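Protein chains in written order, with the working numbering: chain A, 1 to 363; chain B, 1 to 288; chain C, 1 to 297.
Read the hints as simulated data drawn from the structure, not as lab findings.
Do not take every clue at face value.
Rough simulated footprint, nothing fancy, chain A against chain B, three-plus residues with beta-carbon under 8 angstroms [said to hold, decoys possible]:
id : stretch
1  : 34-46
2  : 157-166
3  : 260-274
All values reported here derive from a predicted model rather than from experimental measurement.
Even glycine gets a Cβ: it sits at the ideal position worked out from N, Cα and C.
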Amino acid sequence: MANDLVFEGVVKRFGNFTAVHNLNLTIEEGEFFSFLGPSGCGKTTILRMVSGFIEPSEGHISLGGEGLAGTGPNKRPTALIFQNLALFPLMTVAQNIGFGLEVRGARAAQRNRRVDEMLDLIALPGFGKRRIDELSGGQKQRIAIARALAVEPKVLLLDEPLSALDLKLRQHMRAELRAIQQRTGITFIYITHDQGEALAMSDRVAVMSQGHVEQVGLSADIYNHPQTPFVASFVGENNLFAGRVAAADAKEAVIDTAFGRLAGLNPRGVSVGEEALLFIRPERLRLQAPESEASNHIRSKVLGGMFEGITVNISLANPGGKPVMLTMSNDGAIPTFDEGSELAVHFATDNATVLPKGSLASG
Amino acid sequence: MDKSDRVLTWAIRAFLLIFFTYLLFPLVYLILLAFNDSRIPTHENFTFTLKWFGEAWKDERMWDGIQTSLEIGVLVVAISLVLGMGGAMLLVRVQLKAKNFLYAVLVSPILAPGIVLGISTFIFWSQQLGARPAWWTAALAQSSFISAYCMLIFIARLQRFDTALEEAGLDLGASPRQVFWKITMPYMRPAMLSAAALAFLQSFENYTTTYFAIGAEQTFTIFIANKVRQGVTPAVNAVAFVIVATTILIAIILEVRRRRRLRRAAEVTRQAELADLALAQGVATAAE
Amino acid sequence: MGDAFKRFGKAGVAFMFASTAIWALMLILIPHIMLLDYAFHANPGSIQKGLAPEGLTFYSFEPLFDDLARNTFIRTILTSFVVTGLALMICYPIAYYLAKVATSRWLNVLMLGLLVPFWVNEVLRAYAWRTLMSRNGLLNQVVMGLGFDRIEFFNYELPVVDANIALFVGLIYSYILFMVFPMYSAMESLDKNQVEAARDLGASWTRVHRKVVIPHAKPGIASGCIVTFMLVAGSYIVPVLLGGRSSFWFTQAIESQFSVLNWNGGSAYALVLEFICLVFIMIMMKAFRVTLRDITR
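Turn these sequences into a full structure, and let the hints steer you where they fit.
Following this line, the structure appears as structure tokens:
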């Protein structure tokens, strides 16, 4: 499409340290796209390259077919929402929002009209004369967005804007941001380390680790079908079983683990004899009567249970690894579990994924 | 409070009393003599009069001196604000290898005796370059160290500047010049004002550096010094009274304004906290 | 540096460099080099008379070894030292009281009481003392009223410093505040809780000051000492007004060189004065282990 943002072979080095390795990606016009990853993964560097504060060491970034190299941040059709918002403290709300137009020489009437439009968009009409230090956290967020949108950028860049807000406000703002993006149709590029946020708001997500893009895809795909151990362990909670591949074909693979043979999908085509990891989400484990012999079962001692309102989490012993987590909905039919008693759980092969050994998300 | 603490407290209070008396008494005495009807400044045979104020007012040379001091002051403020700002920006915002060395050079005039600054200026501009020592050579001599004071004020203020604000300005389409004038300078304004005031005051009351760089011209301070050296009437005391009175007045005004500003700031903070509190409790106030 | 160009544009970066270059070169370095140049050359008059060589020479420094100039120099340095030391001892309690003890109501009043004399010119401060200490001035009237002999403030030379009483008192009076403010500033940033914690743990006041306050206030103390020393040694009008007939000050020696148009001699003396101040600064910085940045507020 006309205003797609394209990364071709983009690399960024700082001295000996490579912050971004060979990024090749196309972000489509009108997408809500997130870069998700822990701090230091390179997502901030990417944002600063798009906004023009840093130039790539290699490769090109282009918007709508035109290369952005050599264009300063003030000449690019992008706008950045800073992590600390960077609202101009000595100016009023109206002056903040109108700033982009003011520096382009727009006349007062035109500026005021746009400011009013923006204030309506963010549902804060009449706030023009307020001073920045009089605003609450949520209000400041929205003013920052209005200020950026006022210059009609082709791409809006958001640098973890919600990290400083408390939980309720954050959830409220997620919905707001998504709504604003859909209403304006502008491409949003959002960076965060909070995977719940990324998955909830985005059309597509790119999971990053140490300068590499591990996987790009729709939220559901990222969650349900991770392609690398990092993605599997970073996004959401995941149980991990290590072992050697005993059997494999194009669709499925079976590995020998401490709990016996377990089978899962084989998206990366692991072959027999390889060291591999099997991932199964806590919510996909099901209780099983101890006597039944369904495949993919895990029998272990109960370590403890945590009642969390909506869900109940049970942890099972896993010698040599992290405890196995089982998450169940609090649907009123949960039996009690005694610590130390044996419990059997099983899962469907289609719900598990076997991936080659690789680096995991820490913690 | 035990006995030794109490003794200590009273000892300190006595010390403070003696100190402040020592500090203030000579000045009080000085300005009181302005009101005595006597040919030489003395407290004897005290007869109240205001005539010395009139005498001082009529002194042409005093007014010339004031004018020269004002001219120098304005020039010094202009030079010092510009140089101080340039130096501060360079030291705080630009990556330089020789930063410490540069800092030492620019700050060195503060640590050098005023007479040396005056003389070196005189030697360079008058002896070497042949200019006649005048009010502007004095301004240059003063500017060498007053710029440094301004620069220190600016550095302190700049270091607390959130550079993200500059980036935001650029990102929204402003040119570097627009960013400087619309974002950075408004932030620096309080520092500019206090630096300007400081620069002017330091320039106005400077004696030694000025004396050695100005040649034959007279500033207000030099005028007073000459009067005192030559032989005095209480007219000088009258002038001293005006100076002290003005100083006290300015100090009081500044203090009142400072208190008012603090009160206003506290009020604003309180309002913002209330707004956030309401939001957190999910209350739909008129604002949200 | 590339980042700077992006942020400030070519004009901005050019301005920063140009203004700093002008300041450093035209107002500081080149005049100083000229001073050095003049100091290490003899004055044209002496060269003409064959008394001095052309080119680089120590000739202009030689009069400093004569009795008069040497005694003047020693008097100036010693007095500056003693005055600085006295100022330090007097101002330390004052600064501490203002920074840590005074309640905010009193603080404002006391600060005002300090600032007003501070803003009044050194000329007037010296003049006030001259009036007070004259032969029939107020102080002598009090002294004689109490039955003592009149004190010759301007003629009685104090031991060690070899300066007369009037000058000595006048110098302290004129520059004492330059000691208070840096120390106050440094002490203000000390968290009072530290002092209270030390007291709570049983430390005596002496120990509290020695171990808690002074280490924290070091930059302020060093700064105050440096500035005071420099101002006293470089003071001109105060010795002129209060020096009497025999307490000649080094700055006056410089002036007397200039008054006979011996720019070279004056430069040489000025250089010596500056050198001594520089040495003092270095000693203070080493003794208190502070850097240049620390002492310049």
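Results for each hint:
no. : hint    : in the structure
1   : 34-46   : violated (count 0)
2   : 157-166 : holds (count 3)
3   : 260-274 : holds (count 4)
Checked against the numbered hints given earlier, the structure breaks only hint 1 and satisfies all the rest.
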